[in-house]
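Spelled out, the chains give:
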Amino acid sequence: MAAGKKPRLAVWKFSSCDGCQLSLLDCEDELLAVAEAVEIGFFLEATRAQVAGPYDISLVEGSISTPRDIKRIQKVRRQSRVLITIGACATSGGIQALRNLSDVDAFVNMVYAHPEFISTLATSTPISDHVKVDFELRGCPIDKYQLLEVLNAALNGRKPDIPAHSQCIECKLSGTVCVMVAQGIPCLGPVTQAGCGNICPGCERGCYGCFGPKEAPNPAALSGRLLELGMDLRQTRHFYRSFNTNAGAFRDESARLESIDG
Amino acid sequence: MAKTASRIIKVDELARVEGEGALRLRIRDGVIRDVKFRIHEPPRFFEALLRGRIYSDAPDITSRICGICPVAYIMGASQAMEDALGVQVTGPLRDLRRLVYCGEWIESHVLHVFLLHAPDFLGYEDAILISKDHPELVATALRLKKLGNRILEVIGGRAIHPVNLKVGGVYKIPSRAAIRSLRDELQWAVETSLELVKAVSGFEFPDYSYDYNCVALKHKDEYAICEGRLVSSAGLDIPVSEFENHFGEEHVAHSNALHGASDTGAPYLVGPIARYNLNFDQLSPLARTAAQEAGLPRKVDNPFLSIVVRMVEVLYACEEALSLAEAYEEPDEACIDIVPAAGEGFGCTEAPRGICYHHYRLDEQGRITFARIMPPTSQNQKQIERDLWGVVERYMELPDDKLKWRCEQAIRNYDPCISCATHFLKLDVDRG
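Residue numbers (the numbering used here), protein chains in the order written: chain A, 1 to 262; chain B, 1 to 432.
FYI, nobody ran anything at the bench for these hints, they're computed from the structure. Careful: at least some of the hints might be erroneous.
Said to hold, decoys possible - Below, a list of computed lysine to aspartate or glutamate pairs in the DMTMM-like style, where the Cα atoms sit at most 20 Å apart:
(1) B:K132 / A:E36
(2) B:K146 / A:E30
(3) B:K166 / A:E204
(4) B:K132 / A:E204
(5) A:K75 / B:E13
(6) B:K132 / A:D29
(7) A:K75 / B:D12
(8) B:K132 / A:E30
(9) B:K146 / A:D29
(10) B:K404 / B:D29
(11) B:K172 / A:E204
Unchecked claim - Far from chain B by the CB rule (all over 10 Å, computed), these chain A residues:
(12) H130
(13) R158
(14) A249
Beta carbons: idealized from backbone N, C-alpha and C, even for Gly.
Bound conformation, chain B alone (with noise of 0.2 Å):
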């Protein structure tokens, strides 16, 4: 490609993500002018259609914000109202919360690695096509997410949108044996997860790194997902609480969505990365060693490598579930009494694709009257563009229809969720 060219390149329907969004790029003499999401998912003002609802209706209908992470949503609504109402889940309905989590990490992270980001990096279109090359690996991804799928099924009821989940714990509880039943399934998964981690540790990967400011949940006793305090790499250390005094939205002309910024104005990263660079010690011993045999770095800086910790991820996921599940032992009490009453909440969850923020106010009835949401692919929509813009100059060289896709595995790097986002891609590049 000639470098006094001019070039538009667009993708205006971005496919393998959750949602509608698409992607413009455009270059003039070699120099890139403008690099652009847009987000065309519509508009759903979730945050709006919540106030006047008494506070145990947020986790059902927040679980509609994502088909793939209800239990993102789920989880940190319960979480906000349970503050609000000054009422703590623990022992037993806790480690219940975490096991489901663990089973929305699988099935989203497999779905991703597999369905939707290792075409990219095997050359198909889709894993349909990988299926007829390579129908084993294909198949034990399917029973791998199957299992996450079986988990949300056994303790949520349902594996899209589990109704068996609710503020204060759960409606029904899960006998012990029925949560028992997973761990032969586990156990094959916790040995296949260290396989597939090594496979998909063989993929060839672009060359681009970027500096992250990572931000990412931190536990004292564990890996972080269901709760925890706020941390990044730039030294922050806060209370959920205070999220809104150090991240902030914008709302851009291009998008739906809300983009994230940290109070500076400046981007930053969640989700597995971000999880792996601030938590890698509370990893497992063996998704330790399974990271650092794939040849990940203590710190990864290249975006593309995600697919790898995504898996290190399942890997871990996998045999946390499968020690809460030989540990556990039916609660007393389904769930804690709770009165409704005035106050205010904050909830954060680690969703697969990052933290997933919620704040509400409730009225003395109970009543929601005020909520807000930020979604984790909201925050990222800034750095996606911040890498695309390194990626594009990195590979300008490239003809437009290997650009283009490489923008598009680039943006798959951070397994968007368009639908929660509310908000993403056409990639539309404009050399002109």
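The shape of chain A in the complex, shown without the other chains (with noise of 0.2 Å):
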């Protein structure tokens, strides 16, 4: 960045449901600080203006499903100098990647009357897939303290403190009863990241896996418990098949369970 110029800032879309670059937006407090603290380039749910790249930062929301994606995402990777995508979608394929393990041409036409009116790859992959990413940040949808953070991060040129642990760390950190032990409510917080600020167990409700696989997860000693707990293998499977259906731990597991099902 050259010095005395504010960063120019891109924030891009590829499939998506738009909830994680809506996290920017639900920075009620921090919002015009952010703006202040940047040039904002490209961000089409938030303004019309359009500045050329090179974008210092680019923020990069949704998956690469369609063929145009893979042409697009190549673009933005050659116009970025740091790219950090957010979110499920971004980081593993998110909910649409559940198509990975279906015949996409049925899927098409249980959807659509015309299915050659649509252009759609077989898979729904990650960035991560496609070009090299400089940091992934992880949510379905992503914390906008985490977003704050990377941001921060970016900006004065230093390493993010996103942590890597599961939820069951920060559940002990913030004093939360396990809902596993305790209640015999399945969970995936044992091999889950953490960063929501463990909102489910502090419903009383089991982690659902947002934040997908924690740095070197165990899934299969956790779906030996499901399964004693009373899940059977198919729930057990789709507890794993959600918003980060292919993200590697998951996918793994969720296809062992199904290969021990039949």
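Mind docking these for me? Both chains are given alone in their own frames, and the hints should help you get the complex.
If you want it as structure tokens, here you go:
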């Protein structure tokens, strides 16, 4: 970034629900300060104004799911000094990656009367499958305070303080009683990365995996416990198959359970 | 602009909407040849990927259709499943649902009115630029929007994709103290919304009108949000389960959204104007008076006035939320007991953008065998194209850049959620 000049920010959208970029607009108390600290070069959800690249920081929401997306993400990468993906779609392929397990033509036929109008890939994949990504921010949706931390870090050229440990650690740190131990509620917390503020256990609900696998998880051990708690193989498999269905450890564990189920 | 010129006006990437879309207009010799929305938001196949899942997965999965109105999906899916499984949520749990839905209306409407739509009326590229000249206005709007999110957090646990709502009720009962803690800010919000209705009504509104066939939910006791029968200005009055007998989807080549159309193939209108026109008498006295003082006619036919109607609905939602928060008593049970079974169910609620319809079939284990969802923006899409046609005819004399902006403004009248419709916009005006 040139001295004295504001860093230029771009926000890009691929296949997604818009919720992660909305997190930026949901920073009601910080939005104007963020807008003061950067030059918004491209952010379609917020402004018509566009400044041509290159961009100092690009935030990328959404997964790659069409032939056009593949070309577009290459262009975004070429124009971006730092590329940060935001949310489960961009970092793992999102809920729409459930199609990776099925015949996409059957999906198109199920939803659309004229499948020939639809241009789509057979898979929904994360941005990092296609271009180099400098940082991946997890969540479905992302946590807005983690987003501010990542932006702050990028603006100051430091490493963001985003823990890769499990939800369990977060529950312990906040004094939330374990819902699985105390109440026998199935919970993905032991294998899921922290970051949401352990909101589900706080609501007496098991974690359902919005932030994807934690570092070095052991899902096979967790699946054993989930089965003991009364989930059947199909329910356990589906537990891993949601917003991060295509994230390595979740994908592999659900495939393993499927092979047992036959 | 000479009438003999050939013009192509296009917007490749429509801004200040949720999702990806484009518009293309083709005009020759001063006559519109074609108006097309393109939705290139990639298809995500929700209806297909729900098959085989247990009924209780539907609210969380469908909420990911839209980050701006997740409650509409959670609630519509829950209601349809409850219908299929023969249970009904009543009493304080029902009140909680209405309260959290008010939170979504406030958050979504204020986002649209001030951050996405007001810049068109005030001639700014975005709300950040408005804040340079009118810092108080933007700060007030952000505070109001934050309150909407706060309601979602207190009841739902999270503003975007709430976690505490489920088929049959909630996971954890919000405490009386937590709900009561919303009251002070809601009192501020009612007064502030009144002022903001006035502020928005002072905008300059382009001249265009259309005799809309409005479609909305109607409830015997209240301004319909979470439930009701479907009524229209053409005299339709049906239960939600008959929706598909009267409305359909068309799949057109230029869009990944399925366009909604009535059984006659004619466009129809859902959303704030439709609700206001059909249910005006059920607004609160304060909201009715505010609407009249803002100069809104009893029947709104200028779509550019939607921004005022949206703000009147914010006022109503704040009042309604305040009275629900004041009356709130904790329910005895967090959730109704549900036994999975085969069945078919229908659900429909008033998302901020209009009716959002759900239809599911379950097998005997409670697994989904069929899913159909009609988001409001899909239903409005045909009407949006019709409006654009009329707006371009009316404002043909404008130079391309002004005409283009006017078209964008006309599209934003609908607060289109392209992610929902999967499906939206580049303006591409071809005058050749």
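Cross-check of the supplied hints:
1. B:K132 / A:E36: holds, 10 Å
2. B:K146 / A:E30: Satisfied, since the Cα-Cα distance of roughly 12 Å is no more than 20 Å.
3. B:K166 / A:E204: holds, 13 Å
4. B:K132 / A:E204: The hint is violated at about 44 Å.
5. A:K75 / B:E13: holds, 16 Å
6. B:K132 / A:D29: holds, 16 Å
7. A:K75 / B:D12: holds, 16 Å
8. B:K132 / A:E30: At roughly 15 Å apart (the allowed maximum being 20 Å), A:E30 and B:K132 satisfy the hint.
9. B:K146 / A:D29: Given pair B:K146, A:D29 holds - Cα atoms ~9 Å apart, limit 20 Å.
10. B:K404 / B:D29: Distance of about 18 Å is within 20 Å: holds.
11. B:K172 / A:E204: holds, 6 Å
12. H130: The claim holds: A:H130 sits with its nearest Cβ about 14 Å from chain B, beyond 10 Å.
13. R158: About 26 Å separates A:R158 from the closest Cβ of chain B, which puts it past 10 Å; holds.
14. A249: It holds; A:A249 is separated from chain B by about 20 Å at its closest Cβ, greater than 10 Å.
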